[in-house]
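Take a look at the letters that make up each chain.
Number of protein chains: 2
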Amino acid sequence: MKARVHIFFKESVLDPQGSTVASSLQRLGFSKVKEVRMGKVIDLILDHQLPEEARKDVAKMCEKLLVNPVIESYRVELLEK
Amino acid sequence: MKARVHIFFKESVLDPQGSTVASSLQRLGFSKVKEVRMGKVIDLILDHQLPEEARKDVAKMCEKLLVNPVIESYRVELLEK
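Each protein sequence line maps, in turn, to chains E and F.
Once you know that position 70 of the first sequence is 70 in the numbering used here, the rest is easy, because the numbers rise by one and skip nothing.
Once you know that position 79 of the second sequence is 79 in the numbering used here, the rest is easy, because the numbers rise by one and skip nothing.
The shape of chain E in the complex, shown without the other chains (with noise of 0.2 angstroms):
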């Protein structure tokens, strides 16, 4: 099975980065780029049987290193196979 989890900053915080890569682009003549905010997309392929379990399983791997919960938000998405 497998889990795809997407991480990124809660609205409140800066993402220095983001705003980096949209002024570079504004630079390059993509005059239409309003704001850029940058994420991550961890794959994870897992030996779980039952999505449930996948699912509950991924949350914790979240809370317990991948997701940094005061700064950030992340959703976790099961993908068939």
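These are calculated hints, taken from the structure and not from any lab test.
The model shown is predicted, which means the values in this text are computed figures rather than measured ones.
Heads up, a few of these hints could be off.
Straight-line alpha carbon distances no greater than 25 angstroms define the calculated DSS-like cross-link-like pairs of lysine-lysine that follow [unchecked claim]: (1) 56(E) / 40(F); (2) 64(F) / 40(F); (3) 56(E) / 34(F).
Guided by the hints, dock chain F onto chain E, whose structure is given.
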């Protein structure tokens, strides 16, 4: 309009950050984790009116700045709003 770009290392490219996360998770007791691949997501808030135009511009941004086509592959997704 909002566009989301997913950037991953190509399958043939080693992902040392992903391997490190995988072994950390296994060490924490998540023995069902088989493989981890790390990627980036870039959310772009755009001033475009036409989806086709936005898609074309985002592809150009990827080629010029956001993606390293030698080792990375990308996928663009247009989100409404």
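Comparing the hints with the structure gives:
A hinted pair counts as satisfied when its Cα atoms are at most 25 angstroms apart, and residue 56(E) with residue 40(F) qualifies at roughly 23 angstroms. A threshold of 25 angstroms between alpha carbons decides the hint, and for residue 64(F) with residue 40(F) the separation of about 17 angstroms falls inside it, so the pair holds. Pair hint residue 56(E) plus residue 34(F) holds up; C-alpha atoms about 17 angstroms apart against a cutoff of 25 angstroms.
The earlier numbered hints are all upheld by this structure, with none contradicted.
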